[in-house]
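Asks: From the two separate chains plus the hints, produce the assembled complex.
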Amino acid sequence: MNRKRIIYLALGVMILALLLGCSKKPEQELADSKAVLEAVAAEGGEKYAKEELNVIQSEMTAAQDEMAVQDGKFFKNYDKTKEMLTQVKAKAEALKAEIPARKEKAKADAQAALDAATMAVTDAKALLAKAPKGKGSMADLEAFNADVQGLESALTETQGLMTSEDYFAALDKANGIKDKAAGISTQITEALEKVKASKKR
Amino acid sequence: MIKTVLLLIALTIVTGCKSAPVPPEVSEAEQQQLGLWKAGAEIYLPAEYKAYIRSLRDGQIHLASENNRFIWFRNYKTTKVEFTNILTQGKLLEAKVNEHKRALSGNISNQIAFYRNRIETLRKLASLINEGRLSSKSLTKAELQLAEVCVLSERGCYTDAEQKLKGISRHTEHAANSMLPILNRYADNDKITKWRNWVNETVESSKRSQSYSIVVSKVDKRLFLYKGGRSYKTYEIGLGTNGSHDKLYAGDKATPEGKYHVIKKVPGSRFYKALLINYPNEDDRRQFAVAKRKGLIPQRAGIGGLIEIHGGGKNGMTYGCVAMEDHHIDELFRIVDVGTPVTIVGAIEYENSVTSAMKKL
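Top line first, the protein sequences correspond to chains A and B. With the working numbering as the guide, the letters of the first sequence map in order to residues 124 to 324. With the working numbering as the guide, the letters of the second sequence map in order to residues 4 to 364.
Any given hint could be a false lead.
Within a straight-line C-alpha distance of at most 25 Å, the following computed SDA-like cross-link-like pairs (lysine to any residue) qualify [what the hints assert, rightly or not]:
no., chain 1, residue 1, chain 2, residue 2
1, A, K230, A, E169
2, A, K173, B, T162
3, A, K226, B, G43
Since the hints were made in silico from the structure, they are not lab data. Predicted model, so just to flag it, every value in this text is computed and none were measured.
So here's chain B without its partners, still in its complex pose (with noise of 0.2 Å):
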């Protein structure tokens, strides 16, 4: 009796020492498991995951209840069965992932380019009207989150990215909003035809006289000389704060729109030299008048007056006024007499570079 109990010892330990083994798809699931998890699949496809995960834990649940067997009995052809099914499920699903994740980058790209073309024409237009000051804080405040998603999408955080990208548009659509109303002045078709009738008749009348007019575009930023009826010189100026509006009152810092002309030549200005102008004309006691019964303007407010062409440089800031480079001041200063006529109008083209720039937007 005893020798049997001692050859039944021997015999468990030999055949102990060769137990079947676990089959390698066991670790390798588990690898590709957290693999699949830090690939995002959890986040990007969450049901597909849960069921690979189940799959994955009733592999682990049959595999324990194997281990648990007597050693003799063990046997892992079932387990081998189901992990090689697991790892197939996991590559279908890593698969998959890539393919989403791909997706989601392919899109955020898109929008990133998207934004970042929008930021640009905003401040392109920002810059033609002179009016950075209310889009600016926008955005720039796009163009931080924009930076923002950038770094996310590098780090193939797409789903964060995403949720960043959807604020951007609130900043640049406010950019948009606090300018469209002075855009839309430049895109205005009857406002652009009355501002071409005024230009007309200002050539024809140099033209008729064979003497200087001045026509002044504000979208354009230029002013052009005419002689005779014919382009003379043209010169880069620069406007105001709120030189894209039509003057309506005295302090708004906007730059008239009207025909007028020049009333004194002064040569000591603050402003190097300047050609003093007749604003307000008839047209604009008209309309400030009409405004101020509308209550558009303040009460008190007076009409305004003293606008000039001046020196000073095309990038000083006005308070209505036109200024020009001291040299070309000069030049007009010398050509032009009292008297000359000057038209300042917004734009002269039905496509200026207002309207083609909104066409991006």
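Here chain A stands alone, though its shape is the one from the complex (with noise of 0.2 Å):
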């Protein structure tokens, strides 16, 4: 008799340790995952890492749905919580410390192709330049030169979304500048090619 109540005393104490070891709210955990993911989106996870950020924000909504299951019992067990909730939290951070470098990387990129445009751009008034000026200068001349006037309008807009940290505009931007410089020039190159040729005649 003596044996069976150890037995039951020791099994009562077990399940009782069970219910109440676990039963806090991981309130502090979920803060915490919050708040990293916030930190994600401060430093442009929404630019920078949209899908892996809305991964793991699914999965934040998934842990808030398992706590909101607990909350809603009486023996409440919040451990499969806590391990999403670390889990999300680990997550967010491994991207969030990516995410600096995928920046610098989209600046590079951005900042290559703005100096290649500015470059393409340059190339193009230098061909100008050496065309003749005034009476007897070709008539397409005075059009490439407005063509370059919108084309240094462009390069001035793409310097304001590197500024604004637009890398990705900036990128498209740049790259179509570019595109259409070599086209002028080649276009520039032709013409003055042309005039040479009237002028041996």
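Replies: Right under this line is the structure:
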């Protein structure tokens, strides 16, 4: 009889420990995970890690769902919630650590494209400078000059995008300018060749 | 009693290993949600996507509470039905998103084609009236923006592409507006009628005198030489920066429109050879006086002169003269005498290259 009582007591203590030990709501873990996710977004996660951020946010929602389920139970067990939140936090921290490098790469790519575009516009301007001025110059040259002005204005806009850290938009714009400038240079060269040829005649 | 407890523990271990599996629809739905998000459902159909997410979350909450039931009592039948319904809802949404994107893509492609055509037409018009300097800056900006739209559209970023498209019309309209005052001159039937009368009179005088007459059509960039009232030769010509305007005063770089005649042949011109015409004539003087009175020209401006048909090449920019290739002026110089009528008009035909290009705008 004495032995039985000891066994019941031991089982009761174990069950009680199990129930009480895990019943504390992981408020701190939840707040920590939320804070890291917010930090990821502040770092530029929406721009540089959109897909990964979305996955982690879904996992965060699942953790919150799990927490809600436990909230509604009489015998609460937040072990799984804690585990899920710990994972969310770890993944978010890892992602946050990656963002500066991605941002730097985007910046470097955009800057390289902007440099190439600036060079292409400078080349087009240099070609225009070679063309004869005033009466007797080609009719197209003034139009080319206006084209180059359009490119220069677009270069300024690209610089503005760099300043506002909109690197992807800056990259696209710079690539467009470079291609257009190269096209204009080709047209100017062809027009100058035409003038040379007509002068030889 | 100990035996009973041990039996219960053993039973729990054995049955625990045989817990009912979570239906595969659950992970399929999670994958589906990711796919829908990537496809842009949140952007293109936000209300439907929100409803789908709500269903998914409800399902996940029910799943979580099922998972939290004691292992013996877990039953995923309802979960399976619920997630099957979510998958169906997701598939419908996916189809809608794809349809929406197809429509957007088609619309963007149409707009790209429209603006490409518009830019091309405006470039052509600018070239016809020699006014690239007014419109090229805006057209270049429009072309750059259109290139960005193409890149965004290829990437499937239709909302961004649509947003960027809105800015293009500002540039094309600016380009069109900068040229319209000049273009409208070539679409003005009253003006064309007046020019046609001048041309007819000039051709008639050539017929009467059985000699040569010259007609210069600005819009055609052609010099027509008539002999005895019949077309004898046609030469390509070039005009100046403001060649499409009618000359009003000295330094406006415009080419005069009117009935003139050759007053001097200049064999040793700076531009190879030249035929000097009698600009300003009486009409020009009257027009100049009216413009000055109305304050349309600078008060100190003179009426100008020294308007020639000269060599130097048709691609040369003139200050109001008519430029030709050297071998053409050679020929014309040989044929034409002092006194030969020279009529310069904007256009001869009502349906000319400017009016037909303007119809495409």
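Asks: It remains to establish, for every hint, whether it holds in the given structure.
Replies: Results of checking the hints against the structure:
no. : hint            : result
1   : A:K230 x A:E169 : holds (16 Å)
2   : A:K173 x B:T162 : holds (17 Å)
3   : A:K226 x B:G43  : holds (23 Å)
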